[in-house]
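Sequences listed follow chains V and B, in order. Mapped onto this note's numbering, the consecutive letters of the first sequence carry residue numbers 1 to 393. Mapped onto this note's numbering, the consecutive letters of the second sequence carry residue numbers 394 to 477.
Simulated from the structure, these hints should not be mistaken for laboratory data. Since this is a predicted model, take the numbers as computed values, not measurements. Glycine included, every Cβ here is placed at the ideal spot set by N, Cα and C. Hints should not be assumed to be uniformly reliable.
[As the list claims (entries may be wrong)] Pulled from the structure, derived: some chain B residues nowhere near chain V, Cβ distances all over 10 Å: (1) M394; (2) A422; (3) Q427; (4) I457; (5) T462; (6) R474.
[Stated by the list, open to error] Restricting the straight-line Cα-Cα distance to at most 25 Å, the calculated cross-link-like pairs of lysine to aspartate or glutamate (DMTMM-like) are: (7) V/K181 to V/E204; (8) V/K297 to B/E398; (9) V/K334 to V/D196; (10) V/K282 to B/E419; (11) V/K297 to B/E418.
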Amino acid sequence: MDSRFLDIACSQIAKHGQRVYGDSFLSRKSPGGQHAVAVLSDGLGSGIKANVLSTLTSVMALKSVTEAVSPEHTAQLIFRSLPVCSERKINYATFSIVELKGMEKVQLVEYENPQALIFRGSSLFTNTRLETIPARKDIGRGVMTTTCFDAQVGDRIIMLSDGVTQAGLGTKSFPLGWTLKAVRQFIAGMLTDDPDISSRELAEKVTREGLKHDVYTAKDDISCSVTYIRHPRHLILVTGPPFHPEQDELFAMQVKNFDGPKIVCGGTTAMILSRQWAVPLKVVLSRRCSTLPPESKMEGATLVTEGILTLARVSEILCSKDSLWKQESDPAQKIVARLLDADRITLLVGTKINEAHQDPNLPQELDIRRNVMKRIARELKDSHLKDVELTYM
Amino acid sequence: MIHLEICSGTACYVMGGGALLLLAEELPADLAGQVLVTGSPCLELCRNPLGDRKAPFVKINGRIHSSATVESVIEALREARDED
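One chain only, chain V, in its complex shape:
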């Protein structure tokens, strides 16, 4: 089978005045991505109460499907255990569960959420096996929809909370809200303009548009999750010269032959590559960055930066989620943006010790390269769900 990668992301905006999301999104991929589950649940009401209800539902769904209980059966389990609002006779939470087996077999179970949108490329994909059965016979309302299909590379499964489809409800421009049909057209337009758009970007575009329709005061929690099946994006980051100088040639060859963006961190490392590839290396002095040494330019490399200080900053940014998406032009932010955009990341770390850094007069921040790289690898794997290969040379 062709090589596949699952890009799963969710974007959320809380109802105006609430500090927490009333919707809850959870996803889990097995190592290698052979089994994946994503759940979006919308709790009744908003704020903490809704958050507790949706979290309860999504955690149950995620755990259950991860433990090989089918999404349908899981839905029944949730129906049986979730309370029903005594006044309104409706379920305390709605949900959508998507399960992917072997990156191909998709099963989608939905209860009372807006119908998930399935796109193949930029057009809506409807050739699915759809089954609708009554859910919750006890309260005599609601249907559960099950959708099955075989996914191809380029397919997207987009789950929405009703905060998206009802955005702008009652306003002059959208008396009936944004509506599922209009959301579908919006997404189709996005996908036509940018067929490779990442899940994170697409989900953010949808929620921001929803917020706009709500005139920047969200009337409900707005959530959109995207599960995108695509070819993996490879990236290599190299730092530090090889331990044995005679390996320089092999090292340079390995980097050159890599199919994907190449990031080089470290002056000496860049100079070795410049020498071996026989291309000039030039420091860019024009744009000032007060906190980090400047970038360099070299043909064949996507990004060339200083080593340990920049990498320490990269590690810091990756660990602190607040500043993650700042569009700054400092070299560390550029590296982070590249790393987050990739799926399979090769970190090639030369282990030669830089004697100059052993000077006790230098600041302590000059941590050992290996430690910094280990931290970056761990953070990329654990918090950003990237496939990371850390190799020492």
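Model the placement of chain B on the given structure of chain V, informed by the hints.
What follows is chain B alone, placed relative to chain V:
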């Protein structure tokens, strides 16, 4: 034309070389237009013992200057100009 090469390697940068990089944009009026400023990812001087000479390093017309500060570099540039 005087060639000023500033090291932007880690050791030079943390020892104060960051400030030297500003020389690319802010040279005194009497030197403006007479100096070609370039950066180097690493002049590789920090690891080769040069007696007690320390980072940050710059090269002016190929000649090494150690423990460089903005003032000392400007002075050395003036000397280089007067030598010509």
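Task: Satisfaction of hint between B/E398 and V/K297, Cα-Cα up to 25 Å - done: holds, 16 Å
Open item on the list: A cut-off of 10 Å on Cβ-Cβ distance, and B/I457 was said to be off the interface with chain V. Does that hold?
Closed with: holds, 15 Å
Task: 10 Å cut-off, C-beta based - B/T462 kept clear of every residue in chain V - done: holds, 16 Å
Task: Least C-beta distance from B/M394 to chain V larger than 10 Å - done: holds, 16 Å
Open item on the list: Checking one constraint from the list: CA of V/K334 to CA of V/D196, max 25 Å. Satisfied?
Closed with: holds, 20 Å
- [ ] Take a quick look at whether V/K181 and V/E204 sit within 25 Å of each other, Cα to Cα.
- [x] holds, 19 Å
Open item on the list: For a C-alpha distance cap of 25 Å, please report whether V/K282 and B/E419 respect it.
Closed with: Distance ~20 Å between V/K282 and B/E419 Cα, so the pair holds.
Task: Non-interface label on B/R474, tested against every C-beta of chain V at 10 Å - done: B/R474 clear of chain V: closest Cβ-Cβ about 20 Å, beyond 10 Å.
Task: No chain V beta carbon within 10 Å of B/Q427's - done: holds, 17 Å
Task: Beyond 10 Å from every chain V Cβ - status for B/A422 - done: Answer for B/A422: holds, closest chain V Cβ roughly 20 Å.
Task: Restraint status (C-alpha distance of V/K297 to B/E418 at most 25 Å) - done: Given that 25 Å is the threshold and the Cα spacing comes to 19 Å, the pair holds.
Figure legend: structure checked against the earlier numbered hints; every hint is met.
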